[in-house]
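Novice: The residues making up each chain are set out below.
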Amino acid sequence: MELFVVFISAALVNNFVLAYFLGICPFVGVSNKLTSAVSMGMATTFVMTITAIVSWLLYNLILIPYNLDFLQIPSFILVIASLVQFVEMVIKKVSQPLYRALGIFLPLITTNCAILGLALFGSMREYSFIENVFFGFGAGAGFTLALVIMAGIREELDLADVPTPFRGAPITLIIAGILALAFMGFAGMI
Amino acid sequence: MKKQVSLSQEYLKGVWKNNPILVQLLGLCPTLAVTVTAINGLAMGLAATFVLVMSSLLISSIRKIIPPQVRIASFIVIIATFVTIVDLVMKAKFPDLSKALGPFIPLIVVNCVILGRQEAFASKNNPGRAFLDALGMGSGFTMALLILGSIREIIGSRTIFGLQIMPDQFEPWLIMILPPGAFLTLGLILGLSNFYSIKKAREEHESIISHYKRVGREELIEELEVK
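Chains as they are written, first to last, in the numbering used here: chain A, 1 to 190; chain B, 1 to 227.
Honestly, the hints are just simulated from the structure, not real lab data.
Careful, some of the hints might be misleading.
[Stated by the list, open to error] Quick list of simulated restraints, FRET-style, between CB atoms:
| id | chain 1 | residue 1 | chain 2 | residue 2 | range |
| --- | --- | --- | --- | --- | --- |
| 1 | A | Met89 | B | Leu220 | 39 to 47 Å |
| 2 | B | Arg214 | A | Val148 | 53 to 61 Å |
| 3 | A | Phe86 | B | Leu220 | 57 to 65 Å |
| 4 | A | Ile53 | B | Gln9 | 42 to 50 Å |
| 5 | B | Leu220 | A | Asn32 | 32 to 40 Å |
| 6 | B | Leu7 | A | Phe86 | 39 to 47 Å |
| 7 | B | Glu204 | A | Leu68 | 53 to 61 Å |
| 8 | B | Arg214 | A | Val162 | 33 to 41 Å |
| 9 | A | Asp158 | B | Ser197 | 19 to 27 Å |
| 10 | A | Leu34 | B | Gln9 | 41 to 49 Å |
| 11 | A | Ala160 | B | Gln164 | 20 to 28 Å |
Every residue gets a Cβ at the ideal spot worked out from N, C-alpha and C, and that includes glycine.
With the hints as extra help, turn the sequences into a complete structure.
Specialist: See the structure below:
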């Protein structure tokens, strides 16, 4: 039950994109087409879940016992960067179709602040290992959901008559605002 | 041969013409998240400016030593070092502010404005120019955060920097200090700034056409229209 609450809270109530504003760059950049939004969401969820596992192990088994928690920021970012590189190599070796679907999105994820944010939130909130894994998976699912909804709306938007100064980023942000408003409705769930 | 721009231009381009938030749309995550109040926006802007200026200075001083293959990794380690300094200083000197900004101070590491400037500018220019460029970008970033924070604080909680300036009759718009308010405000500001740039471009275009008409070179107007 605890785990379910952690999952729902990360995916819906405290959605990373719409409540914490993490990962806005891909949210604005990759939400043009539904297919690429789905691929990007899947790649991010995948990396987030692995990051949740690795960052928890790093923080609780290495940084805390040796009093190195001031090295948290550089070590997290290095681990995430090498992890993404490693995941990319593994996928390329193991599954060519998956690599073609996720390939170009993986390098972009390194600079996605949602991943580092996930690692930092995990260590700040002192989750247990299992909770942290669910937190990572939930955050990824929430990111995918927001991205896919946004891409769906933006595909329709091509037909709409938007005033010229608002085309592109401004209207995307305003739509995101309305979406965030809708997601606030989930606040009563937990 | 690269065109040399004047030193003041080096500084000013970041403030307005290439403003990292309003024009380049970089570093939006901290922009939206911390601008609930003007003071938070200012603190975030100054912290990011410090990191940007220090890492630009360091990277442009050692730009010839860094091997190009591992430059991104080196940049990130240097940036992360300065971010750690800011984070620890904030925690020690301004605990309230540090708590309000939460994980967004550590997240300066992945702010694309900072890495972008190192890659695009500091790694190719001398420390003096890199310093001015970083200071300009930092000022532009701080200015945009301060504007956004002020608007949200005035409408959302009637105050600015904690001082009440709106009358009691004014009912605060709660939405402005909640996440949706951030998206809506930034979207409207961007739209407004686009509106002015488009208007300015059109005025320039019309003044060129009227100039051509005055000197009797109508054939140039057609050329302009084709463009």
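Novice: None of the hints should be skipped; say for each whether it holds.
Specialist: Now the hints, each set against the structure:
1. A:Met89 with B:Leu220: 39 to 47 Å: Taking Cβ atoms as reference, A:Met89 and B:Leu220 lie about 57 Å apart, which means the hint is violated.
2. B:Arg214 with A:Val148: 53 to 61 Å: holds (56 Å)
3. A:Phe86 with B:Leu220: 57 to 65 Å: holds (59 Å)
4. A:Ile53 with B:Gln9: 42 to 50 Å: Roughly 49 Å apart at Cβ, these two residues keep to the hinted range, so it holds.
5. B:Leu220 with A:Asn32: 32 to 40 Å: holds (38 Å)
6. B:Leu7 with A:Phe86: 39 to 47 Å: holds (44 Å)
7. B:Glu204 with A:Leu68: 53 to 61 Å: holds (57 Å)
8. B:Arg214 with A:Val162: 33 to 41 Å: 37 Å Cβ-Cβ, so the 33 to 41 Å window holds.
9. A:Asp158 with B:Ser197: 19 to 27 Å: holds (23 Å)
10. A:Leu34 with B:Gln9: 41 to 49 Å: Since the Cβ atoms of A:Leu34 and B:Gln9 sit about 43 Å apart, the hinted range of 41 to 49 Å holds.
11. A:Ala160 with B:Gln164: 20 to 28 Å: violated (40 Å)
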